[in-house]
Amino acid sequence: MTSIADTGEQDLAPIPSTRQIFAGFLGIGLMGFGGVLPLARRMLVEDRHWLSPQEFSDLLGLCQFLPGGNVINMSVAVGMKFRGWRGALAGILGLTAVPTAFVIVLGVLYDRYSGDPHVQHVFAGLAAAAAGLLIGMAWKMLKPLLKKPAALLVVVLLFAAIAVFRLPLILVMLVLAPFSVLLSWRSGR
Amino acid sequence: MTATLIALALIFTELSLMAFGGGYAVLPEIQRRVVEVQQWVTPAEFSALFALAQAAPGPNMMIVPLIGWHVAGLPGLLVSSLAKFLPSSLITCLAVSVWERFRDRPWRAAVQAGLLPVTAGLVASSAVVITLASVTSLWLAVLTGVTAALSVFTRAHPVALLALGAVGGLAVSFV
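Protein chains in written order, with my numbering: chain Y, 1 to 189; chain S, 190 to 364.
The following block holds chain Y by itself, in its conformation from the complex (with noise of 0.2 Å):
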């Protein structure tokens, strides 16, 4: 297995057990209402020195690229690098622990309670502030894409396929996200 590369750097801890890698990513789970990325960083690069700020910079722009959670994926990744597919284990299982078992909680309560007309309103404000919030996010992405046309038409052409005409997006992701690689690989040279 890849173990941690010698990174010349002399502040780094040492390399972090399995139990150790467990309960770092169970403290993220535990505390990351919101974004858990800032959260990710602190510890393992100004708290516990496990990566280099260097190190967490490179694993993330892996764990951007690939396919699922960017956090999730970090988990996943820093296992891996210290303690092969245990560590791994022990990430994913540490950072999903205490959310999973609050989601459990909060089904268990809308089962219950969904059918009283005052918790009614109270999901449905809930609903309309975590659309408020999509809205924001939507636009802090798409402001920085506003001038270039390319990038523009790509997201407009999802946006059609995906939001008005309802495409499984199995298809449109094999047609547009070629298309766009290809558009930013023309451009970039």
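It is worth saying that the hints were derived from the structure and are not from the lab.
The structure displayed is predicted, hence computed values, not measured ones.
Some chain S residues judged to face chain Y by a derived CB distance under 8 Å, without partners named:
no.	residue
1	M251
2	S314
3	L329
4	V335
For glycine and all other residues, C-beta sits at the position ideal for the given N, C-alpha and C.
Given the coordinates of chain Y, work out where chain S should sit on it, guided by the hints.
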């Protein structure tokens, strides 16, 4: 029951492999499959479940185990979690092993830049799909608009904005 579990496994395995740019990118497809194809929940219920999952700590795709729990209890939760997280995690494990070899290749930057508008388009689709399903009255439209504006123009915490929505929703039930 078994048929439901198999359907959950198939849906989330497929989405696990397509979730470039993270979880929000596959949200419209989750909604299409769960609401339109399988008809496990109504559009409004889906929005409520999504909002609940957003209120949980940790990674942002906790809607997946929540859907699994809602349609098939604990087995549903386990099957949907495994299906969503295992395939992409296996790819990550493999990629970590070969990463050194392709990190500096020029095509990597092109692929990453090319996936950016794809992700942005998918997140915009998520926003529209969830908004259309959630906003069923003028008051809820106001709540959505205020939350969107606060998230763009202030550094307000997402969970604080969700709490604002919950309180705003409750307030209208007493009017």
